[in-house]
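> Each chain, letter by letter, is given below.
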Amino acid sequence: MVMSLTTYSILVLVLVLAVCVELGDAATAVDAYRLIQYDLDGAPYGSRLAALNHFAGVAPFASGVDLSRTAVILPLRDLNFTLLHEFITGKQQLGGLLFLLPQDTDNARKDTGPIRTILSKLEHLLIHANLPYPVYFAHEDDKINEVLPDVQRGDGTGQPASATTGGLELMTHSFKLVVSTSEPKKLSSPTITNIQGWLPGLKGDGTSQLPTIAVVASYDTFGAAPELSVGSDSNGSGVVVLLEIARLFSRLYSNPNTRGRYNLLFGLTSGGPYNYDGTMKWLRNFDQRIRESIEFAICLNSVGSWDNELWLHVSKPPENVYIRQVYESLADVAKELDVTIGIKHKKINISNSRVAWEHEQFSRVRVTALTLSELSVAPELLHNTGGLSDSRDSVDDTAIQKSIKLVAESLGRHIYGYHGRNVQIFADNSSLALNPFYVKSWLDLLSQTPRVAPFLSKNDAIVSALKKELADHTDEVNVYHETIDGMFTFYDSTRSTLSIYQVTSVGFDFVMLAIIGLYLIVLFTVLVIATRGFDELLLMIRRPPTRKSKAA
Amino acid sequence: MTLFHFLNCALLTFGPHAVYYTATPLSEYDTIGTCVKAAIVYLGTALVKLICLATFLEVSDSDSFNPYQELLKALIGFIDVAGLYFALTQLTHRNISQNHKFQAVGLGWAFADSVLHRLVPLWVGARGLEFTWEYIFQGIEANADLVLNLSLAAIGSLMWLRRNKPKTLIPIIYACAGILATMPSITSYLRRALGWQPPKLVAFELSSSLVMAIISWQLFSACHRPV
Numbered sequence: 001m002v003m004s005l006t007t008y009s010i011l012v013l014v015l016v017l018a019v020c021v022e023l024g025d026a027a028t029a030v031d032a033y034r035l036i037q038y039d040l041d042g043a044p045y046g047s048r049l050a051a052l053n054h055f056a057g058v059a060p061f062a063s064g065v066d067l068s069r070t071a072v073i074l075p076l077r078d079l080n081f082t083l084l085h086e087f088i089t090g091k092q093q094l095g096g097l098l099f100l101l102p103q104d105t106d107n108a109r110k111d112t113g114p115i116r117t118i119l120s121k122l123e124h125l126l127i128h129a130n131l132p133y134p135v136y137f138a139h140e141d142d143k144i145n146e147v148l149p150d151v152q153r154g155d156g157t158g159q160p161a162s163a164t165t166g167g168l169e170l171m172t173h174s175f176k177l178v179v180s181t182s183e184p185k186k187l188s189s190p191t192i193t194n195i196q197g198w199l200p201g202l203k204g205d206g207t208s209q210l211p212t213i214a215v216v217a218s219y220d221t222f223g224a225a226p227e228l229s230v231g232s233d234s235n236g237s238g239v240v241v242l243l244e245i246a247r248l249f250s251r252l253y254s255n256p257n258t259r260g261r262y263n264l265l266f267g268l269t270s271g272g273p274y275n276y277d278g279t280m281k282w283l284r285n286f287d288q289r290i291r292e293s294i295e296f297a298i299c300l301n302s303v304g305s306w307d308n309e310l311w312l313h314v315s316k317p318p319e320n321v322y323i324r325q326v327y328e329s330l331a332d333v334a335k336e337l338d339v340t341i342g343i344k345h346k347k348i349n350i351s352n353s354r355v356a357w358e359h360e361q362f363s364r365v366r367v368t369a370l371t372l373s374e375l376s377v378a379p380e381l382l383h384n385t386g387g388l389s390d391s392r393d394s395v396d397d398t399a400i401q402k403s404i405k406l407v408a409e410s411l412g413r414h415i416y417g418y419h420g421r422n423v424q425i426f427a428d429n430s431s432l433a434l435n436p437f438y439v440k441s442w443l444d445l446l447s448q449t450p451r452v453a454p455f456l457s458k459n460d461a462i463v464s465a466l467k468k469e470l471a472d473h474t475d476e477v478n479v480y481h482e483t484i485d486g487m488f489t490f491y492d493s494t495r496s497t498l499s500i501y502q503v504t505s506v507g508f509d510f511v512m513l514a515i516i517g518l519y520l521i522v523l524f525t526v527l528v529i530a531t532r533g534f535d536e537l538l539l540m541i542r543r544p545p546t547r548k549s550k551a552a
Numbered sequence: 001m002t003l004f005h006f007l008n009c010a011l012l013t014f015g016p017h018a019v020y021y022t023a024t025p026l027s028e029y030d031t032i033g034t035c036v037k038a039a040i041v042y043l044g045t046a047l048v049k050l051i052c053l054a055t056f057l058e059v060s061d062s063d064s065f066n067p068y069q070e071l072l073k074a075l076i077g078f079i080d081v082a083g084l085y086f087a088l089t090q091l092t093h094r095n096i097s098q099n100h101k102f103q104a105v106g107l108g109w110a111f112a113d114s115v116l117h118r119l120v121p122l123w124v125g126a127r128g129l130e131f132t133w134e135y136i137f138q139g140i141e142a143n144a145d146l147v148l149n150l151s152l153a154a155i156g157s158l159m160w161l162r163r164n165k166p167k168t169l170i171p172i173i174y175a176c177a178g179i180l181a182t183m184p185s186i187t188s189y190l191r192r193a194l195g196w197q198p199p200k201l202v203a204f205e206l207s208s209s210l211v212m213a214i215i216s217w218q219l220f221s222a223c224h225r226p227v
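Sequence lines, in order, name chains B and U. No gaps in the numbering here: position 365 of the first sequence is 365 in the numbering used here, and each next residue is one more. No gaps in the numbering here: position 164 of the second sequence is 164 in the numbering used here, and each next residue is one more.
Worth flagging that the hints you see were computed from the coordinates, not collected in a lab. Since we're looking at a predicted model, the values are computed, not measured. One thing to keep in mind: the hints can contain errors.
What the hints assert, rightly or not - Have a look at the derived ranges for each label pair, beta carbon to beta carbon:
1. U:ALA175 x B:PRO149: 50 to 56 Å
2. U:TRP133 x B:ALA59: 27 to 33 Å
3. U:PRO198 x B:SER441: 48 to 54 Å
4. B:LEU13 x U:VAL36: 20 to 26 Å
5. U:ALA18 x B:LEU187: 54 to 60 Å
6. B:SER464 x U:TYR189: 55 to 61 Å
7. B:GLY533 x U:ALA18: 17 to 23 Å
8. B:HIS128 x U:PRO198: 48 to 54 Å
9. U:ALA18 x B:ASP535: 21 to 27 Å
10. U:ILE40 x B:ASP535: 33 to 39 Å
11. U:THR89 x B:ASP535: 31 to 37 Å
12. B:PRO149 x U:LEU116: 36 to 42 Å
We put the beta carbon where it would ideally sit given N, CA and C, even for glycine.
Hey, can you work out the whole structure from these sequences and the hints?
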């Protein structure tokens, strides 16, 4: 009795262990990036779930089919926007959604134009939608491409003909997409980090405060997939222009003979997509004297992909003395570079919380400011913030170089009082020429670094790198940490591993069991007949009934 | 249901051994002790083989066929034969006929071989969500192995236990023994050098084991024919 109890308990233990089904090795495992999940003023947006464990399905689907247990795979190359619209506006419940981004090969680089339009359209659609199922982005790779035709061969929903019974198609495989991760949690008080560099001017006799010129660019991004939002143009281009200008002026200012009589303030702000929240907090923390000494501030926003025309956006009327001065000096340099600068005036509406341009935050604290940008129209909230479509090949190095020459030259002429004179301060082939390799290397670095502010920690590598770079070019660097304004709430879990498993239906297992059982029975009968004789077999079959009759 | 798949494959791999034991007169004569002793001898043999392999074999990263290494492996494979000899001749068995002795030893040997080589991969691999045919093939291989081991045990008992054998058959007996002992090397050669796929390989193993079984059965009954 004791013996049987121990064996029984061992058996139960083994069974319990066995039932913990481990997922094991999958045929394919790729990195998957989740769609951003955020709340704006309490309203939920983005993908609200993270864990995924459903059968894979590929369009086209039969009409009226239930997709609530299917993870739909949509390759981006031929994205069917009407289908996607139906899913989103019809609030159709899906098991999950997987977008396949084209491979980053050299061939793909040639036709990036149409892909970029698809990406930006997709991004606009997704960040304003509320999707109560997991949505992921993954890069196409050979193994996934092999799986797709197999999935399509089924009835599209990917589920086997009947998951529980029947289904004798032994050869049909279904595929399961699995992302095992925990439920997404709110990010409590995400920090945004502003970095400022101060380059003091030459103080003459007298203790009067020198005027200051500020050059500002926001460095963070926002996009549908936070881990893929590298924002090369918005606003990687602005950051690179700022860094190069800082480098050039630090060379000039390092020698007291060539130090100008203006202080230079360089500001790398964060929180750009969220109504320039970081800029506002940075300005509020300013010492009043410094703030009043700012003659004007130039904000840089997306200056990396323009041909002939840049725009100067202002909130004070263009007839204002300071504005006109800055505009004319920029226009002079522009003429020499064979480009034009237009001026656009947009009044600030204090009651509207939307801040479309960075200079508006300066204007709200009564500092003259303007934004230089290739965009002619103010972007909407969370648009043009460096998302999926904004990658390294959407920036043109020569456009950035032109922007640098434009701003540096006009600032230089203003600081040293060379208005109207035909002098090239930062001439090519001089010791103050702009360094294209510096520009390229910083642009490459920024294009490989996703910079969505809530997911950047205080000591993130890129923040430290920017701080160190500004410290090289300026005298004094300060880093300020703030929290994002309460209008936005973000959730974590932005990156996971997606596993694709090839599975068979339970029917298949039953068939296998039947075959193996039959084989064993046949083996048994053959062996009995061969070794003991046919009579023994008959005896064995007849024995149970005789026993029963004996018991009765 | 992945546990289901594991159960299926386990049944395929270990079922035939249990069926063989119960179906043949082995169960009537209660030869389980012999089977267990043979299994333990197999364990000892496997340990000795491991030590020899670790000492003499070089580890190569590629999966290619290296004739010298394979020759060494074949030589070490003969330790198997020595182990079987030990199990057949040196162990004390209860009074069971020679007919049943070789069957019991072969069965115990094959069962230990299956458990040691196939149980852990089955446990770790077949329970996963991903489906492959690999473990079904492994189960079929286990069946072929059982037949091979039984034939080897039969030939072994002929060689070492039977004194009076017809002279003409002796070279054939030794040749069969040689083929059976080197069967693992032959299969690995086919897999690596010729690159045979699992279905083909498994089919070859099944057919060769059946052929060898028939030959050794004929030899056995020929030697036991009253002279």
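> Against this structure, judge whether each hint is valid.
For each hint, the structure was consulted:
| no. | hint | result |
| --- | --- | --- |
| 1 | U:ALA175 x B:PRO149: 50 to 56 Å | 51 Å, holds |
| 2 | U:TRP133 x B:ALA59: 27 to 33 Å | 30 Å, holds |
| 3 | U:PRO198 x B:SER441: 48 to 54 Å | 51 Å, holds |
| 4 | B:LEU13 x U:VAL36: 20 to 26 Å | 24 Å, holds |
| 5 | U:ALA18 x B:LEU187: 54 to 60 Å | 58 Å, holds |
| 6 | B:SER464 x U:TYR189: 55 to 61 Å | 58 Å, holds |
| 7 | B:GLY533 x U:ALA18: 17 to 23 Å | 21 Å, holds |
| 8 | B:HIS128 x U:PRO198: 48 to 54 Å | 52 Å, holds |
| 9 | U:ALA18 x B:ASP535: 21 to 27 Å | 23 Å, holds |
| 10 | U:ILE40 x B:ASP535: 33 to 39 Å | 36 Å, holds |
| 11 | U:THR89 x B:ASP535: 31 to 37 Å | 35 Å, holds |
| 12 | B:PRO149 x U:LEU116: 36 to 42 Å | 41 Å, holds |
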